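Taking the hints into account, I'd like the entire structure generated from these sequences.
Read top to bottom, the protein sequences are chains H and A. For what it's worth, my numbering labels the leading residue of the first sequence as 202, then goes sequentially. For what it's worth, my numbering labels the leading residue of the second sequence as 202, then goes sequentially.
I should point out that these hints are in silico values taken from the structure, not numbers from a laboratory. Note that the coordinates shown come from a computational prediction; the quantities given were computed from them, not determined experimentally. Some clues are possibly wrong.
Note that the list lumps identical chains together, so a pair holds whenever it fits in one copy or between two copies.
Stated by the list, open to error - Below, computed lysine to any residue pairings styled on SDA-like, alpha-carbon distance capped at 20 Å: (1) Lys443 with Ala524; (2) Lys410 with Met388; (3) Lys410 with Ile494; (4) Lys443 with Gly368; (5) Lys443 with Ser319; (6) Lys337 with Trp445.
Each chain, letter by letter, is given below.
2 protein chains.
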Amino acid sequence: MSETTIPAWQVPAPPERLERVSRLYTYAVVGATGAVGREVLAILAERGHPISHVRAIASERSAGSSMTYGDSEVPVASLTSDSFAGIDIAIFGASAEVAREYAPAAVRAGAIVIDNSSAFRMDPRVPLVIPEVNGKELDGTPSLIANPNCSTILLLVALDPLRRAFGLERIHVATYQAVSGAGLAAMEELREQTGAMLAGRDATPRVFKEPCAFNVFSHDSTVNEADGVNGEERKIIEESAKIWNERIPLTPTCIRVPVLRAHSQAVSVTLREPASVDEIREVLRAAPGLRVIDDRAANDFPTPRKATGGDQVLVGRIRHDPANPPDAFGRSRHLCLWLSGDQLRKGAALNAVQIAERVISRSSG
Amino acid sequence: MSETTIPAWQVPAPPERLERVSRLYTYAVVGATGAVGREVLAILAERGHPISHVRAIASERSAGSSMTYGDSEVPVASLTSDSFAGIDIAIFGASAEVAREYAPAAVRAGAIVIDNSSAFRMDPRVPLVIPEVNGKELDGTPSLIANPNCSTILLLVALDPLRRAFGLERIHVATYQAVSGAGLAAMEELREQTGAMLAGRDATPRVFKEPCAFNVFSHDSTVNEADGVNGEERKIIEESAKIWNERIPLTPTCIRVPVLRAHSQAVSVTLREPASVDEIREVLRAAPGLRVIDDRAANDFPTPRKATGGDQVLVGRIRHDPANPPDAFGRSRHLCLWLSGDQLRKGAALNAVQIAERVISRSSG
Chain H
202 MSETTIPAWQ VPAPPERLER VSRLYTYAVV GATGAVGREV LAILAERGHP
252 ISHVRAIASE RSAGSSMTYG DSEVPVASLT SDSFAGIDIA IFGASAEVAR
302 EYAPAAVRAG AIVIDNSSAF RMDPRVPLVI PEVNGKELDG TPSLIANPNC
352 STILLLVALD PLRRAFGLER IHVATYQAVS GAGLAAMEEL REQTGAMLAG
402 RDATPRVFKE PCAFNVFSHD STVNEADGVN GEERKIIEES AKIWNERIPL
452 TPTCIRVPVL RAHSQAVSVT LREPASVDEI REVLRAAPGL RVIDDRAAND
502 FPTPRKATGG DQVLVGRIRH DPANPPDAFG RSRHLCLWLS GDQLRKGAAL
552 NAVQIAERVI SRSSG
Chain A
202 MSETTIPAWQ VPAPPERLER VSRLYTYAVV GATGAVGREV LAILAERGHP
252 ISHVRAIASE RSAGSSMTYG DSEVPVASLT SDSFAGIDIA IFGASAEVAR
302 EYAPAAVRAG AIVIDNSSAF RMDPRVPLVI PEVNGKELDG TPSLIANPNC
352 STILLLVALD PLRRAFGLER IHVATYQAVS GAGLAAMEEL REQTGAMLAG
402 RDATPRVFKE PCAFNVFSHD STVNEADGVN GEERKIIEES AKIWNERIPL
452 TPTCIRVPVL RAHSQAVSVT LREPASVDEI REVLRAAPGL RVIDDRAAND
502 FPTPRKATGG DQVLVGRIRH DPANPPDAFG RSRHLCLWLS GDQLRKGAAL
552 NAVQIAERVI SRSSG
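Given below as C-alpha cells:
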C-alpha cells in the first residue's frame with residue numbers, strides 16, 4: 202500500500218504529542234532486527250532516553266522473535282500501517298521501499314518519523330539533518346526528517362567546522378567504506394568469506410557481486426551509465442548541497458574495504474581563507490562530534506578500529522597539501538585530512554537518535 | 202662493509218658482459234627468500250629468460266635452504282661481497298641497508314644491478330626506471346638501476362599515456378595498499394590476525410603498529426613531523442618528478458588496507474587538454490602494461506583480486522569529475538579513475554625483470 206502521495210509531513214507534528222506532562226515518550230524502531238535497528242535500540246538504552254515504551258518492528262519473518270533493549274527483551278512485531286498508534290517517535294532503519302510505504306502512515310498516526318533510508322532525503326519538503334551541522338532545521342518540528350547517507354554524515358561533521366571558520370571552496374574525497382552499510386548479511390558475508398579463504402576454500406559472493414574478503418572494490422551502488430558516477434557518490438554530492446544549502450564542488454570516489462563497521466575517508470580541501478595546521482586543529486578540537494587523533498611522531502591517526510563503537514568522528518593526518526606548501530606564516534588554503542567514524546552509529550543510528558533528542562529537547566525546553 | 206663511497210655505477214657496464222655468443226645470462230637474486238625475491242624467481246622462470254644459471258642469495262639465516270626456480274630447486278647462498286663473481290645481472294629484492302652495502306660490490310664484480318629498495322632511487326647518478334615510461338634511460342646501459350616504489354610504478358603506468366596524449370597538470374591520489382609491501386611477515390600477520398579475530402581472539406600486532414585485520418590505517422612509513430607527509434607519500438611525489446623529469450603537482454594520501462598483495466588507487470587528474478571518456482579509454486587501451494576494465498552497467502571495475510598474479514595494471518571507473526562536467530563536445534580536463542595492480546609483480550619484481558629484459562634486448566639487438 203503506497204501512501205507517498207499524501208504529503209502528511211508538510212504539517213508540523215501535533216504539539217500535544219511532544220508536550221506530555223510525564224516527559225516520557227513512546228518509540229517505534231522499524232527494521233529493529235537489522236544492523237541499524239539494533240544499534241538504535243542499543244543507543245536509546247545507553248543514552249537514557251526518557252522512554253515509556255519501545256516498540257520493535259520488523260518484517261513478517263522476524264515477528265515473534267525478540268530484541269534486547271537495555272536489560273529487557275522487547276518482542277518484535279510485524280510491520281503494518283497500524284503499527285504506529287500511540288507512538289511519539291518512529292525511527293525507520295529499513296529500506297527506502299519500506300519507508301515510502303509506511304512512513305506516511307506513521308506520520309498520520311501522529312508520530313515524528315526519522316527515516317534512515319534514501320526515500321525522502323532529496324524531497325524538498327523533508328529536512329535532511331546532521332544535528333551538528335544544520336540542527337536548526339528541526340526548529341519547526343517537522344513530522345518527517347531524513348537521516349543522511351553515512352558517508353555524507355561523516356564527511357560533513359568533519360568539514361562543517363572548517364566551512365564555518367575558513368570557508369570551503371573545493372572537496373576531493375576517497376572513501377574506505379565498511380561492509381556494514383550493506384547490512385547484517387554483508388557483515389556475515391565478510392566473516393564467512395574470510396574464514397573460507399583462510400581455510401583455502403572459495404566462497405561465492407551473495408550480498409556483493411565482488412568478493413569482499415581481502416579485497417577492495419568500487420562501491421556496489423548502481424553506476425550511472427551516462428556519467429559513470431555511482432549512487433553512493435551521487436548521494437554525497439547531492440546531500441551535501443542540500444544540508445549546506447550551498448553547492449561546493451565535490452569529487453568523490455566511493456570504495457568498499459574489508460572492514461566490518463566503520464568508514465574512513467581521505468579528504469583534500471581548498472579553503473577560502475588560508476589557515477595553519479594549528480589553527481585547523483584548534484577549530485576541529487572545539488567542534489561537536491569530533492575527536493582529533495593526530496600524532497605524527499607516533500604515527501597515531503584515526504582507524505576504523507578506533508572509531509568502532511564510539512560516538513565521535515575521528516580526524517587526523519591534518520596537513521598542508523604538499524603540492525601547495527604554506528606561506529611564510531605557515532598558512533595555506535590547501536589541506537588534507539583523514540577521518541574514521543562508526544558507520545552504524547554516527548553514520549546512521551546515532552545521528553537519528555540525536556535528531557530525536559533535539560526534537561524532544563526543543564519540545565520540553 | 203660499506204662501499205657506497207665508490208661510485209662504481211657511474212661507469213657503464215663492460216660491453217663484453219652483455220655480448221656473449223651464447224646469449225645466456227647468469228642472474229643473482231638477492232633477498233631470494235623474501236616476498237619480492239620469490240616473485241623475481243617465479244617471473245624469470247615463467248618468462249623464459251635466456252638464463253644459464255640463477256644464484257639465489259639471502260641472509261645468513263636462510264642459507265642452506267632452497268628456492269623453487271621453474272621445475273628445479275636452487276640452493277640459497279649466504280650474501281657476501283664475493284657473491285657476484287660471474288654474475289651478469291643481479292636483482293636486489295632486499296632492504297635499502299643491504300643494497301647500500303652490497304650493490305657496489307656487485308657492480309664492481311661486473312654485474313648490472315637492478316635494485317628494488319629505496320637506497321639509490323633519488324641518487325642523480327642512478328636511473329629510476331619504469332620501462333613503459335622512461336625505458337630510454339636504459340640506453341646507456343647503466344651498471345646500477347633503481348626500481349621505483351610500487352605505488353609510483355602503478356600510478357605512472359596508468360597516467361603516463363594521459364600525460365603524453367593530453368598533458369597532466371594536477372594529480373590527487375588516495376592509495377589502498379596491500380600488506381605485501383611490508384614483506385612476507387606482514388602477509389602472514391594479516392592471515393594470522395584475521396584468523397584470530399574470527400575466532401574471537403586478540404592478536405598482538407608485530408609488523409604493523411596498528412591491527413591490520415578488518416582495519417585500514419595510514420601508511421606505516423615514518424611521518425615527517427614538520428609537514429605531516431609520510432615516507433610513502435614522499436616517494437610518490439619525488440620519484441614521479443624524477444621519472445617524468447617534470448614536477449606535476451601531486452597530492453597523495455597513502456593508506457594500508459587488509460589485502461594481501463595488490464594495491465589500488467583512487468586518482469583524480471587535471472589534464473592540459475580536454476578529452477572525452479572515449480578518447481581517454483582509447484589511449485589507455487593502446488598503452489603498454491595496462492588493461493581497461495570499465496563496465497558501468499555490470500559494475501565491473503578493477504579490484505586487487507583481479508590484479509593479483511597478473512602483469513597488467515587494471516584501470517577503470519574512467520569518468521569526468523562530476524564537479525567539472527564535460528563541455529558540449531563531451532570533453533573535460535577533469536578526470537577520475539581507479540586502478541589496481543599486483544604490488545609484488547608490476548609494483549616490484551616484474552618491473553625489475555622488465556628492466557633486465559630491456560637491458561638484454563639492447564645488448565643483443
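We went through each hint and held it up to the structure:
1. Taking CA atoms no more than 20 Å apart as the test, Lys443 paired with Ala524 passes between copies only; the shortest distance there is 16 Å, against 31 Å inside one copy.
2. Taking identical chains as interchangeable, the C-alpha atoms of Lys410 and Met388 lie at most 20 Å apart only when both belong to the same chain, with a minimum of 14 Å there against 25 Å between chains.
3. Proximity of Lys410 to Ile494 under the C-alpha cut-off of 20 Å is restricted to the inter-copy arrangement: shortest distance 15 Å between copies versus 35 Å within a copy.
4. For a Cα distance limit of 20 Å, the shortest separation of Lys443 from Gly368 inside one copy, 17 Å, qualifies, whereas the shortest one across copies, 36 Å, does not.
5. In this assembly of identical chains, the alpha carbons of Lys443 and Ser319 lie at most 20 Å apart only when taken from the same copy (13 Å versus 47 Å across copies).
6. For a Cα distance limit of 20 Å, the shortest separation of Lys337 from Trp445 inside one copy, 12 Å, qualifies, whereas the shortest one across copies, 51 Å, does not.
Hint compliance for this structure: no hint is broken.
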